[in-house]
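To convert, count from 1 in the sequence shown and add 12; that's our numbering.
Some hints here could point you the wrong way.
[Stated by the list, open to error] Straight-line distance between alpha carbons at most 25 Å, and here's what the computed DSS-like set of lysine-lysine pairs gives:
id: 1; residue 1: K28; residue 2: K234
id: 2; residue 1: K227; residue 2: K282
id: 3; residue 1: K28; residue 2: K475
id: 4; residue 1: K482; residue 2: K241
id: 5; residue 1: K443; residue 2: K234
id: 6; residue 1: K308; residue 2: K149
id: 7; residue 1: K28; residue 2: K241
id: 8; residue 1: K425; residue 2: K473
id: 9; residue 1: K425; residue 2: K17
id: 10; residue 1: K149; residue 2: K224
id: 11; residue 1: K427; residue 2: K234
id: 12; residue 1: K224; residue 2: K234
id: 13; residue 1: K28; residue 2: K448
id: 14; residue 1: K427; residue 2: K17
id: 15; residue 1: K425; residue 2: K443
id: 16; residue 1: K427; residue 2: K473
[What the hints assert, rightly or not] Now the in silico label distances, taken between C-beta atoms and shown as ranges:
id: 17; residue 1: E236; residue 2: I143; range: 24 to 30 Å
id: 18; residue 1: P415; residue 2: G303; range: 28 to 34 Å
id: 19; residue 1: F30; residue 2: D430; range: 22 to 28 Å
id: 20; residue 1: K224; residue 2: E461; range: 54 to 60 Å
id: 21; residue 1: F161; residue 2: F30; range: 52 to 58 Å
id: 22; residue 1: I408; residue 2: R433; range: 31 to 37 Å
Quick caveat, the hints were computed from the structure, so don't treat them as lab data. Only a predicted model underlies this, so the values are computations on that prediction, with no experimental measurement involved. Using N, Cα and C, we set each Cβ at its ideal position, and we do this for glycine too.
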Amino acid sequence: MNILKTIKKVGWIIQKYFLTLMSMIRTNIRDYGMFIALFVIFITFSFMTDWIFLGAINFTNLLNQTAYVSVLAVGMTLVIVTRQIDLSVGYIGAFLGAYVVVGVENLGQPVWLALLGALVITVIVGAGKGILVAKIKVPAFVVTLAGMFIFKGLLMFRTNNRTIPTTHSFFKNLGIGYLPTFDVGGYDLITIVIGGLGILLLIFGGINTRRKNQKLNIPNEKLELFITKTVVMTLILGYLIYTFASFRGISYLLLVTVVVVVIYHFMTTKTTLGRRIYAVGGNPDAAELSGISVEKILVIVFISMGILALISGVMYASRLQNTSPNHGPFWELYAIAAAFIGGTSAAGGVGKVINAVIGSVVIMSLKNGMALAGVDANLEPIILGSVLLLAVIFDIFTRNVRPIDYVGIHYAKQKFGDELRSAQEAFRQAKINLRKAKKEDLDDVIEYEYAFTNAQGELNKIKDKIRVAKEEDFVKK
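Build the full structure now, drawing on both the sequences and the hints.
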């Protein structure tokens with residue numbers, strides 16, 4: 013008997029864990045949807061390419077190719093969060109990249125001076141866009157569409173309609189360079205140490221956050237969920253560490269991307285400015301009434317987008333080791349698609365920069381995987397467009413997802429099971445009686461309709477009581 017009780021108890025612990033996990037995924041499906049999609053893409057292309065897709069060389073190159081899109085997607089997320097759009101970032105990024113390359117290679121300027129000049133330009137342009145949109149009330153679509161044409165022309169002027177190669181060490185190191193390596197048994201020790209520190213930071217940072225929340229009486233997620241997320245993230249980081257360490261280590265492109273994401277993640281989640289950006293996106297009128305300057309926030313967001321376009325343009329030119337009048341097309345579309353695939357809401361007020369980066373990885377993984385698998389290149393835009401459309405549809409259907417607790421539902425079904433079955437039987441019988449009364453054209457059919465309505469109401473009450481049940485309602489802590 014003791015063995016059976018132990019087996020039953022262990023079985024319930026396992027069942028409860030999976031019910032809790034399902035509750036987390038179901039409640040936060042908007043955040044986890046693209047992670048699931050990315051996992052499916054990785055597995056699919058790995059099988060289609062005999063695991064070359066996830067090999068160290070290809071995966072490292074994939075992340076390097078994704079870097080410039082990720083940086084743009086971070087800025088575009090904030091633009092969309094504030095209910096705006098920026099169609100000019102592709103050619104602005106390409107122009108600023110060309111501005112720096114031409115300044116260094118053709119005009120002999122120091123790198124810092126060329127970058128400073130580009131920074132001044134992008135701040136002025138960003139402020140101008142923000143003022144036109146926020147103060148003069150010109151639609152962002154029109155302002156940025158005009159900017160796209162203008163900077164396409166400026167890109168042609170700056171490059172003189174020809175491709176200009178890069179020879180300076182700055183562009184070589186940034187575009188195709190990696191952090192110094194220290195080989196031990198075929199693996200880069202420096203990458204392993206950095207990755208190990210990152211894993212430790214993840215674990216202890218999570219524990220510290222839980223302790224702070226506990227002191228402030230802020231509810232923490234369930235312990236089993238915290239452990240599961242930490243283990244999954246540790247495995248992912250472990251794979252990335254193995255991949256980088258077995259190839260050439262950590263590239264400067266990836267390092268710049270990580271720095272940008274960390275800065276913007278901190279800004280959007282831990283600072284007053286970040287909270288105000290989301291407040292403006294959630295309800296501009298309410299934000300204005302609460303003392304937030306909507307005009308100022310929009311100007312800051314457009315300046316931020318311009319700075320990230322500068323970084324992206326320099327990264328792209330450095331990776332290709334040249335600047336060209338052909339750079340820029342579709343950059344803004346990739347950034348917008350990445351933001352939407354990452355769960356940023358077209359209605360504003362919702363979006364995470366980290367998720368936008370995952371969205372950019374999804375896009376570039378599709379492009380890279382289809383190329384490796386030999387898929388017809390004509391299908392690429394069709395598939396990318398379909399994925400974007402599905403992402404927006406997914407956003408619409410998950411916008412108002414209510415929290416759910418499958419463990420609580422399990423307990424509620426046990427407690428209210430008899431009531432539920434009784435109500436279901438009463439509803440079934442009332443339905444039969446009503447159908448029979450209508451068929452026989454009885455005079456008191458209205459009474460049967462009344463009984464049917466009451467039975468349906470009672471059944472819905474019990475179902476609602478079960479659906480909103482929580483574990484703490486049945487288990488004393």
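Each hint, compared with the structure:
no., hint, in the structure
1, K28 - K234, "holds (12 Å)"
2, K227 - K282, "holds (18 Å)"
3, K28 - K475, "holds (21 Å)"
4, K482 - K241, "holds (21 Å)"
5, K443 - K234, "violated (42 Å)"
6, K308 - K149, "holds (13 Å)"
7, K28 - K241, "holds (16 Å)"
8, K425 - K473, "holds (13 Å)"
9, K425 - K17, "holds (22 Å)"
10, K149 - K224, "violated (43 Å)"
11, K427 - K234, "holds (23 Å)"
12, K224 - K234, "holds (15 Å)"
13, K28 - K448, "violated (44 Å)"
14, K427 - K17, "holds (21 Å)"
15, K425 - K443, "holds (24 Å)"
16, K427 - K473, "holds (15 Å)"
17, E236 - I143: 24 to 30 Å, "violated (51 Å)"
18, P415 - G303: 28 to 34 Å, "holds (31 Å)"
19, F30 - D430: 22 to 28 Å, "holds (26 Å)"
20, K224 - E461: 54 to 60 Å, "holds (57 Å)"
21, F161 - F30: 52 to 58 Å, "holds (54 Å)"
22, I408 - R433: 31 to 37 Å, "holds (36 Å)"
Taken one by one, the earlier hints fail for this structure at numbers 5, 10, 13 and 17, listed in ascending order.
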